[in-house]
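Residue numbers (this note's numbering): 1 to 440.
You may find that some hints are simply not true.
Pairs of lysine-lysine, DSS-like flavour, derived with a Cα cap of 25 Å [as the list claims (entries may be wrong)]:
1. K383 with K394
2. K99 with K83
3. K351 with K274
4. K395 with K376
5. K395 with K383
6. K192 with K161
7. K9 with K20
8. K394 with K105
9. K99 with K254
I should point out that these hints are in silico values taken from the structure, not numbers from a laboratory.
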Amino acid sequence: MSKPIKARKIDVTWNNLNNKYNIVEAIDNEGYFKISADEIKEFQEPRLAVKFDHSDDRPKLFIENDLSILPITRGDYYVSRIKAYHNFESISSDITYLKVPEYIKSLNVNSINSESKALNMAYISGILTDFLDDEKLVPTVSGRMSSEGFVFQAAVFSDGKSISPVVRVENSQIEIDAAYEGINSLTLMEAKRDLADNFLIRQLYYPFRTWQRKMGSKPVRLVFLIYSNSIFYLYEYKFNDLQYYNSLELVKHKRYCLENTQISRDNIRDVMDKLNFNKEPRIPFPQADSFERVINICELLYINDMEKDSITEEYSFDTRQSSYYLDAARYLGLVQKQVDTAGHRSYCLTKLGNSLFSMSYKQRQLKLVETILSFKTFYFTYKYYDEFGEIPSKKDIIQFMNRVGVVDPHSGLAYSDTTNKRRASTVISWIRWIVNTINY
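Make a model of the complete structure from these sequences and hints.
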């Protein structure tokens, strides 16, 4: 029998608050509920109880009732059914290759382990100059500050209404990761090192409303930067309606790298010729479709060993997703469990996992390809692609799994047809990742 999943503290907090203040009922009747930091503090530190940078970070009460929370003053919050998050658009553009100036010795591509370093490197290397196409860019404001007073409306999850009541914001705290001003514009930057599916629109909207007024006629631009696996992903957004929270539109997007990214089909074939196959480990066969996220989890663990709950909170995962992605990294031999003397379980990189981050981009990608293809299901799938120019069907992949002897490590029996199809989807996704690394 599986162990019951322990409720997260954030879920307990908001269940208690809802029991005391009838929050959901109030929103059903009025469309919103205002709650103060002092009221929240009875059950949890407010700063921790309201920080949901990604949709999946929200407490269960919020997810089940389509709720979100936004600050409206320094100590008050607005809970409603506002559609507070925006899904990142998929980037499939070519990678632009730039170089770090030779005189820069204090920062290199192997030492970018924080958002601030990623921003500094994007500035130093000319990524921002290229992306923004503005002259004489210099860093200006950053950090925490107070917002201006402003009002807005937003889209809502509701059967009867499509737009929220007017929301009034006054002196709310905002935070800007970096800002760069050039001849033509001021650009406000938000930076992340996790490949989440979505982001909180407020992170761009509140700073934009504040600085749009301060800058007068000089345009204010908004850029989201994500750094993962040596790639800089840049998204520029604009708000088409100043007073409409959900009028966000993608203006442009681009990918950059500061290392040699050229990988050929022959490079992959060379890897295949030298493979040593691994036996199927006593770890569930992967069910984690985004291989980029598997890499990203390894990046997080390279900075610090983490407990599963920490990964869940850091990475916009639910508990089940964290298990799937950690198991996928463990299956590949990149991550392992460890238990300290007090019995606390955490996850850390293996020797192989750690070695990835002392490699160049090209070396790391080819090592990851080698690691994936060292398991025969993936090898047979890629070999089929290499021979026939297309990825095999799920039915064919399941046959590969059966030929290899993939079984549930807990029962020793074959997975069900439904489970096999889900795992075949992961095989397809990982092989597509390999195919997409080939760029010349």
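Hints, verified against the model:
no. : hint           : in the structure
1   : K383 with K394 : 15 Å, holds
2   : K99 with K83   : 40 Å, violated
3   : K351 with K274 : 20 Å, holds
4   : K395 with K376 : 16 Å, holds
5   : K395 with K383 : 16 Å, holds
6   : K192 with K161 : 34 Å, violated
7   : K9 with K20    : 17 Å, holds
8   : K394 with K105 : 49 Å, violated
9   : K99 with K254  : 16 Å, holds
Violation of the numbered hints given earlier is confined to hints 2, 6, 8; the remaining hints are satisfied by the structure.
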